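Based on the sequences and whatever the hints tell you, model everything.
Taking my numbering, the leading residue of the sequence shown gets 1, the next gets one more, and so forth.
Note that these hints are calculated values from the structure, not bench results.
One should not assume that every hint holds.
Claimed, not checked - Ranges of calculated distance between the beta carbons of each label pair, as one might list FRET restraints:
hint	residue 1	residue 2	range
1	A203	R403	48 to 56 Å
2	G807	E1137	54 to 62 Å
3	G1114	A1162	54 to 62 Å
4	Q421	E738	32 to 40 Å
5	S745	S456	25 to 33 Å
6	F550	E802	49 to 57 Å
7	M569	S667	50 to 58 Å
8	R582	I524	45 to 53 Å
9	N371	A282	38 to 46 Å
10	R582	E952	29 to 37 Å
11	G262	D568	36 to 44 Å
12	A282	R596	13 to 21 Å
Unchecked claim - DSS-like cross-link-like pairs, simulated, lysine-lysine; straight-line CA separation at most 25 Å:
hint	residue 1	residue 2
13	K445	K781
14	K888	K803
15	K432	K710
16	K381	K419
17	K462	K432
18	K1066	K685
19	K708	K436
20	K445	K462
21	K781	K803
22	K445	K419
Keep in mind it's a predicted model, so treat the numbers as computed, not measured.
We put the CB at the ideal spot given by N, CA and C, even for glycine.
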Amino acid sequence: MSSPPPLTLFVVFVCVTQEQGLVGIRCLMLEHLTTVVFNTLLSGRPFAAHSSASSSSALRMVTRSRHKIPQDFFTPRPRRVKGKERARPEDDACDPCTGTEGTIMRGMHSSSAGISLRQRPRRISGHKLMRTLSRGGTSFLGTPAQRRHSSNLPDASSSATPSEQQAWIDKINAFATWKNEAATWNGEFDYEDAWRAYEALDAANGCDLVPVEVFMQFASRIADGAQGLDFRSSLLDSMPLWGTRLQMLLHALAGRIRPHSGLHVRWRSLETRGLAMAGQYAEAAREARELAGTEMEQKSVTYVVEAYTTIVSLLRQMRHPVVAFEVLLGEWEAVQPFLQQRTMVWGDSILRLKISRFKEVVHSVVMGVENMAAYMLTAQKNWTPERQRSTDEFLIRTLCRVRLPHDALAMLDMALTQKVQVHLDVQLLVVKTLAKEDAFEQANKLFSSLSQWTTSALFFRKYQSLGLFLCAHQGDVVRSEEYFDRLAQRSWVSMADINMLMHAHAVRGDTDRVIELFHHFFPINVKDRPAPTLYHYTTVIFAHAQRSDFDGINTWLERMTEAGILPDMHVYSVILHSFAMRGELKSMVELLDQMRESGLQPTRVLYTTIISLLATRKDPAAAEDVYKRALGEGIIPDRRMLTALMNAHVEAGQWSGVIRVFDYLASSATLGLRLTIEVFNTLLKAYVLIGAPFRVVAGLFQRLEQAKVKPDQYTFALLVQSACDSGLMGIATDLVAEMERLSESWETHFHLNVYVFTILMAGHLRQKHRARARAVYENMKARGIEPTAVTYSAIINAYAHEKSGEGLKIAEEFLHSLLSTDRDQRPWMKPAGRRQLPLEMVYAPIMVAHTWREDPEAVERLYQEMLDNGGEPTLGTMTALFDAYRRKGDLQAVYRTWPQIVELGLRYSRVNGLFNGMADGARPNLRSQGTSMCIPLSIYLDALSASGRHSEIPKVWTSLREEGLSFDSHNWNHLAVALVRAGEPERAFEVIERVILPYRNKSRGLATSRDPHPESPLSTSLPPQEEEDDLPPAPSEAPMHFTRRRALAVYLARLKAKGLEDEGKKDFAHGLHVLHQISPLWNVWRAHAVTMRVLHGVLVHLEGGQLIQPYRPGVDSNEETAVDVQSLLNRRTAALEILDRIHANYPHTVRLLREYEIIRKASNRRQVAKRSM
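See below:
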């Protein structure tokens, strides 16, 4: 046979590294090689078997060219390309390489997209296939007769035909494509691209060029993606297809794997995972159980863990967590060693990593089983005592680990009821976890029940140390010191115990005692004494944070840094919480930026703190955007984070948002987001603020037992507040007495605190029961409870707003008596909340009272006094002064004060800094939702309009809008009136028609709609309404923090919501949904009575043929008398034309005004009739 023509050929050497599973290709461009060399390559025989000169020449060429090949040529590396060819994460491809399986695989390639489970090939048991191949008498690694490159390529004795040459080139090209795809496995892995590269390699008969280890790596990558590491939820539907592909690939590799080797164990594990991916869970579990029972070296155990991880993970995703949990229980004997033993017991580092991953999957499964205790009570009826104990202890530990202490306590109670001997360490763990979640009543009771086991010295030490931990977190200094002394007497004190003793005082904000203890235990320049750790410094910082003492925080941060200890995430959390207590948003933003620059990403705790701050600012839109950013950074929200989001809607009075978050929590119970007392307290707070009648709130209180939660002292405080709002002071007093009875037991963790006494005292003051209010105040002082700024503000407010000037005088005298003591003797100066600063809280009621009396001089005097006493200029106090100037008519002072108001308002609205570091397109403009400038703007609009400076109004409005601020319903009503005063009645009607009424309709739609099973807690996830869907989000308005507004709401609810407490007994949010529809709050977006009177007057004026003239101070607002009849007719014609345009363009507003006038006249007639009786 003639030799082929000279050609350019790639000489390929395949280098295999068994340990790393890498494949390398060395390609050389050789010109005009002889036919001998070409045929030798095609024959597949090694060069060493040939002695021809041409062969030797070729080898010398290879040798001489070897130095030109980069050293890392064999190492896969990302390609620098764009589009679909971009680098992807490390993974593998697939390939059948022998006989029948290869044929099956190639047949599948042509129609893989249409494969269904019903059409998949019959599964061949892996170990059966391996045994069949072995019995054939052939070498496991394969003889030339079995190797595809030997059987499919031409023999050396024959010359290669052009088609055979092309086949070899296609084979090399396919291999190069595969190698390039393999180079992307350290980037963003694309499964389909990898699979197509494998298909091409298989079609070109090039699989023999790839070591089996590489294909196994590719198979592992596919299986890893299936268990949730890489596969997105959108790919779950294609899981069976990938399972089938994986099985066929593995069967094709079977002939290249030695039985009973480590690679064989991996092969069987991957086969098991493929079965799970294909939906054959029972077979997969059986194979995994059989594999687990096989003797193997420890590092091969990794593959057993991977098999179970895939099975459990897919069952959780594709079926249900309960189904996955049932399989876990069925495989308990096999998986118990991985779950019960500490991970560090396993020597192999990769195995430890895999076990940790398996535990994470199991934890997510456990979180998804609702009411675990009831489930296990049924599941373990026929179990042995040992299996009951091991399983129950594991579940209790897991529930503690995932921060579900109430579920852990229920499991513990069930186990003890079933006489299971739960280890004491496990019970102590439950106590500790309950304490961390502030569930002190349950923690105290369980802790007390364990005192009978303290006879053991080892347990006695653990018990005393935990008692110290428990009491320290409650701020119980006396008991903390008792536990610490017992430990000290036996020389058992640890560094953690020292920290807990300091923590007990830190919780109470006793910085002096905390610092004293710090120096006692860690004296300077004393040898043989331990050095303080990060935790001890953090406790000192925490103590200062409790007092919002920024100077102290900075001092101890410097000391900690000087000691060579860098702040960690917990330190940042403590500082951030302190900033939040004072509402220091700017400082929070700077701290977050500093964290990110240090490479620290905010945690769930930090995001919860930020959302809590935004709640006090009544900014739920910003809170939702922060929540979304947390999700984008991979944060998994917990109950506390969602409760904070729910509270943001409560504070803002956005009841639909409250209901949505609560419904999300209630319907997401299987995701581990349980309805705890904190969630119910937030819901009860919404009921109180919306003005629910006391009988409704009390009914919810009584139904808490159905939800298997116990009310705490905050729940009682809300109930007392509701009774006071309803004027039921006798019931409120009885509730406080019941709290006092419960507080007698240490285990209940009930304490009569300043907030309860303040609520009760304020209720008596509103009812004019001065003597009873004073008795409450004296009782509080006698108990050693120090009043806060809120307490004193309630007293001052009650006297300052009396109609007589005597009450205002008494209020000022009381305020001065508070400030007459030294600053160190004013414990009430500690910030009592994040709504206002203490001095602002006590000065504001008197300043507002003088504002209403149109006495700006007194307001100025009080404002200066507040600054002299260490207060700060705030938007609230400046607004009171601003309004005083306006009421007095001091317009020059109004104009002079406005720039200061704007500066404070913009500073308060700078929320966008929370999103530093995000891409510009992804950053929301949160300032647009802020309402900080709404009240000052209404005041300023009225002042400008009253002074005739109409041209200034659009400038001011535009400037604030360009700053990103939004406007509430009051601003739009003031604007409408100002436009009428400016002689622009049509634009005033447009405000009502285009803004007020659409927002009113939108609010009504939100009030009536409800999704009981929302997929997201975010109100922005709601679909847009068909109408008004082009409106921007309305800013929140929450007047329900004012007691008078709540009293009105309570009165209306009594009239319109009779029998409400009997409806929706299983739905805790039903009453709020109904009240939302009848509450005055849903009608916030309405035309105010003043606006309606002004606009109705416009209609009457125009109907009389009179034009609306701009208001000018000192000039009669009525139009000037016409000089002649023609001028009068022209004006009448113009007025009627304006009237016609108003009727044509603003029909809904006109109809609203007609209805209002009918109602007003009917009301006047009733009042006249009453007076005449």
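Pairwise beta carbon distance, S745 to S456, judged against the given window 25 to 33 Å: holds (27 Å)
Pair hint K1066 and K685, alpha-carbon separation not exceeding 25 Å: Since the Cα atoms of K1066 and K685 sit roughly 19 Å apart, the hinted pair holds (cutoff 25 Å).
Supplied distance hint 49 to 57 Å, evaluated on CB atoms of F550 and E802: violated (38 Å)
Assessment of proposed distance window 54 to 62 Å (beta carbons of G1114, A1162): violated (38 Å)
Pair hint K432 and K710, alpha-carbon separation not exceeding 25 Å: At roughly 19 Å apart (the allowed maximum being 25 Å), K710 and K432 satisfy the hint.
C-beta pair Q421, E738: status relative to the range 32 to 40 Å that was hinted: holds (38 Å)
Consistency of beta-carbon spacing, A282 to N371, with hint 38 to 46 Å: For A282 against N371, whose Cβ atoms are near 26 Å apart, the range 38 to 46 Å is violated.
E1137 and G807 - C-beta distance against the hinted 54 to 62 Å: Cβ of G807 to Cβ of E1137: about 55 Å, so the range 54 to 62 Å holds.
Distance restraint evaluation - G262, D568, Cβ atoms, bounds 36 to 44 Å: holds (41 Å)
A203 paired with R403, Cβ distance criterion 48 to 56 Å: holds (53 Å)
Given pair status - K419, K445, alpha carbons within 25 Å: holds (19 Å)
Status of the given 29 to 37 Å range, CB of E952 versus CB of R582: holds (35 Å)
Hint check: violations occur at hints 3, 6, 7, 8, 9, 12, 13 and 21; the rest are consistent with the structure.
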